[in-house]
Each structure stands twice: as structure tokens, then as C-alpha cells.
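Use these hints to put chain P onto chain Y, whose structure you have.
The lines below spell out each chain.
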Amino acid sequence: MTDRSDLELVQLFQNGDESAFNHLVLRYQEKVYWVARRFMADHDNADDVTQEVFIKAYGSLNEFRRESSVYTWLYRITVNIALNSLRRQKIREAFRIDELFDAPDTESVAPDEAAEKQEERSLIENAIARLPEKQKSVFVLRYYEELPYEDIAKILKTSVGGLKANYFHAVKKIQEYVRRAHETY
Amino acid sequence: MHTRHIEYLLPDYVTGRLEEPLRSGVASHLEECAECKGELETLRHAFQTIGGSDLKPPPGAYFSGILPGVRERLEQRKSPSVLARPLITRFALPLAVGVLAFVLLTHIPVPANNGETAQNPLRPVLSGVGSEELMEIALDQMHRQAFSISIGENESSAMLAVPILSGKYFLTDVDSSVVWEDPLLGDIAMEDLETLTDADLEVLVARLSERTSL
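First to last, the sequence lines map onto chains Y and P. Residues 1 to 185, numbered by the working numbering, are exactly what the first sequence covers, in order. Residues 1 to 214, numbered by the working numbering, are exactly what the second sequence covers, in order.
Chain Y on its own, in the form it takes in the complex:
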């Protein structure tokens, strides 16, 4: 079944073949995970988002009407769930009743060059995390996923025109954030 197209798999699923869904998961799990990871920054949250994306997809697949490709549809679900999850994190921070549940990141600090690289990576992740939702979404999908603007427009349900401006401003903001961080330290 691995040689079936996405739409054929959807058709099979809609006709009652549960295994077709499994193939869609296997086909897209890495893409979904990495998009989620770019939004969520850490593995555990990205994992939650990834699982949630496929559960949501499973529940909606019978209503999939081929108005978009499966991959733009999955990307849209991923972006929506990731953004919702980030909003939930913000709320939790505001309520501050989760402190007992959220263990700190215990990733060990690597020495020298590796540490520098890790620091730079954290800076970029922080910069991306601080972008407004739209800019963050465009940046992740354009830069990391290398999607064409036309597909990003479908995923984010917006026009192509503004996406380029969003992408430009996202890059500028990331750079500005990193520059200021370097000046501070």
C-alpha cells in the first residue's frame, strides 16, 4: 500500500480500510513532528502535538473533501494545534499552578564549541518563540519546510501577498533578537 497516493489512501480509509490511515501516519509523521518541533521547541511538547495532529486527522478524515492536498491539510492541523498548545502554555504560565508538574529542562550543558552551538540554537529558538503567530507560522513553513507560498497560503488560509512581508519581518526580528542578546552578554 506504500505506493498508493495520498488521495487513494484517503479514499480507502473512507471506504472502511483502517490500515490506510496507518500508512498516512507513517508517511507524514516525520514532517508533522519537525513542524511541531519548530513551534514547540522541545521534544515532549512536539510529541504531544504530533500525536494530537493524527488523532484530529483520524477524526476528520471522513470529511476530507479533496479541496486541498493531504499534506497541506495535515500542515494546517499541525500549525493550529501547535499554536493552540502554545497559547495553553501561556495561560498556564499566567495561572502558575503547573509549576509542580513542569520539570525543568535537564539537558546537560556540553563543553566549549558544542556549548556555543547549543547556546546559539537556544537563541534562535527563543527568537522564533517570540514571533507573532502569523510570522512564526510563515517562517517555519517557508524556511524550515521550504513550502511554496501558495501552499502556505492554503495552510494558513491567507493570501500570498502578505506572506512575503511576514517572512521578511520574521527574519528581521529573529536577527534583531539575536543581535541584542549578543550585545547583552
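You may find that some hints are simply not true.
Distance condition first, Cα-Cα at most 27 angstroms in a straight line; then the derived DSSO-like pairs of lysine-lysine [as the list claims (entries may be wrong)]: (1) K134/Y - K56/P; (2) K173/Y - K56/Y; (3) K78/P - K173/Y.
If you anchor each label on the Cβ, the simulated ranges turn out as follows [said to hold, decoys possible]: (4) S69/Y - P59/P: 28 to 36 angstroms; (5) N15/Y - K78/P: 42 to 50 angstroms; (6) R121/Y - R23/P: 28 to 36 angstroms; (7) R23/P - T184/Y: 32 to 40 angstroms; (8) N62/Y - G65/P: 23 to 31 angstroms; (9) S19/Y - P59/P: 22 to 30 angstroms; (10) E75/P - R180/Y: 46 to 54 angstroms; (11) E30/Y - G51/P: 40 to 48 angstroms; (12) E20/P - N62/Y: 41 to 49 angstroms; (13) E31/P - Q14/Y: 49 to 57 angstroms; (14) N62/Y - R73/P: 12 to 20 angstroms.
Read the hints as simulated data drawn from the structure, not as lab findings. Don't be surprised by glycine CBs; every beta carbon is placed ideally from N, CA and C.
Relative to chain Y, chain P alone:
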């Protein structure tokens, strides 16, 4: 082409993703526009920095565990829906909402009562969050409380209002004819949440404070 339009094409130009004939157009423009040339260098430097930000890969066998994990959760969700449960169990939902409201309200910071206008830390967050998302968060929080009542996924989607904001509980997904309202906080309706103005938030925060002090 106008400089502003060119600027927006520069990120793709720098990363080699700008196709012809736009690429040639930008290249010609850059030869005669110092402003855009400067911008190009800035962006080139930015992408060099960003480019080195590869993420740490997930644990070794992670990807082989996604499908089993998804399947397991799907199986768990196939448990009977709220409508199939005994009536007494269904009443657990509004009760749980009440408990949740209490828990959340007692954790909301009360603005300082010393005559100064205190900035409520919830303000910037609330203004960007829709009611359904808040509902999800509320449920999530409820699950984390030791005294929370077990609520299934179907019921989760049934609750469309968060007491702390709307004061109204809707059970629309369970039965669209059932609407239980408890206007603790007045007339700020859930559908207005995404368009709350600063003035609305002032009122809301004031009401939350009153509620918290009860």
C-alpha cells in the same frame, strides 16, 4: 520595482529560493540601490545565524512509536460517550465545571487594592485567546487537580464556555437544546472573547477580583 517590494523578496533571494524572472529583477535592482544592498547583507548575516540552528534529533526509536501511540489513544477515545452514560454521571459535568471555576478563580491574582491601577498578568494572554482554547486549558487544568472528576473526551468538546470569562456553560455538543447558564460574571458572552477591548478586560478583571474575594 519599488524598494519595499524588493525587500520582501530578499529573504528568498538570499536563500536561493527566488525564481526567474524575479531573481534577475532583484539582481538588477541591487546594483543600483544601496539601501536594498545593505538590507541584503543584513539578511545574509541573519540566515547564516539561523542556518546553524539544527535541532537535537528525537530519541532513537521515537518515530517507530508514533503510530502505536496514536492507535492506543484512539482506542481509549472509543469509550462510551457522555450520552451513553447514566444520567447521574452526566450531571458530573456541570459539577466539575463548578469545581473548576472555583479552582481557577482562587488562582487568579487579585489586583492590588491600594488605589493604583495594577496590571493584571492575565491581560496580554487573555486578549489573544479564544473561548474554545480556554476551555481546553481549563479542562486540562481540571485533569491535573487531585479532586477532578473524570471526564471523557466527548464531554471535553461539549464544554464551550469557560466560567472565568463568560460565566456561562454551554453543553452544545452533547445536546444542542441544553444550555445551562450561570451568569456569574454578567453579560460578557463567550463569542465576544476574541474581540474583548481593554475596557472589557477592565470590567472582567474587576469582576474576577470580586469573585475571588468571595
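Structure-based check of each hint:
no.	hint	verdict
1	K134/Y - K56/P	holds, 25 angstroms
2	K173/Y - K56/Y	violated, 32 angstroms
3	K78/P - K173/Y	violated, 45 angstroms
4	S69/Y - P59/P: 28 to 36 angstroms	holds, 30 angstroms
5	N15/Y - K78/P: 42 to 50 angstroms	violated, 20 angstroms
6	R121/Y - R23/P: 28 to 36 angstroms	holds, 30 angstroms
7	R23/P - T184/Y: 32 to 40 angstroms	holds, 37 angstroms
8	N62/Y - G65/P: 23 to 31 angstroms	holds, 26 angstroms
9	S19/Y - P59/P: 22 to 30 angstroms	holds, 26 angstroms
10	E75/P - R180/Y: 46 to 54 angstroms	holds, 49 angstroms
11	E30/Y - G51/P: 40 to 48 angstroms	violated, 20 angstroms
12	E20/P - N62/Y: 41 to 49 angstroms	holds, 43 angstroms
13	E31/P - Q14/Y: 49 to 57 angstroms	holds, 55 angstroms
14	N62/Y - R73/P: 12 to 20 angstroms	holds, 18 angstroms
When each numbered hint is compared with the structure, violations occur for hints 2, 3, 5, 11.
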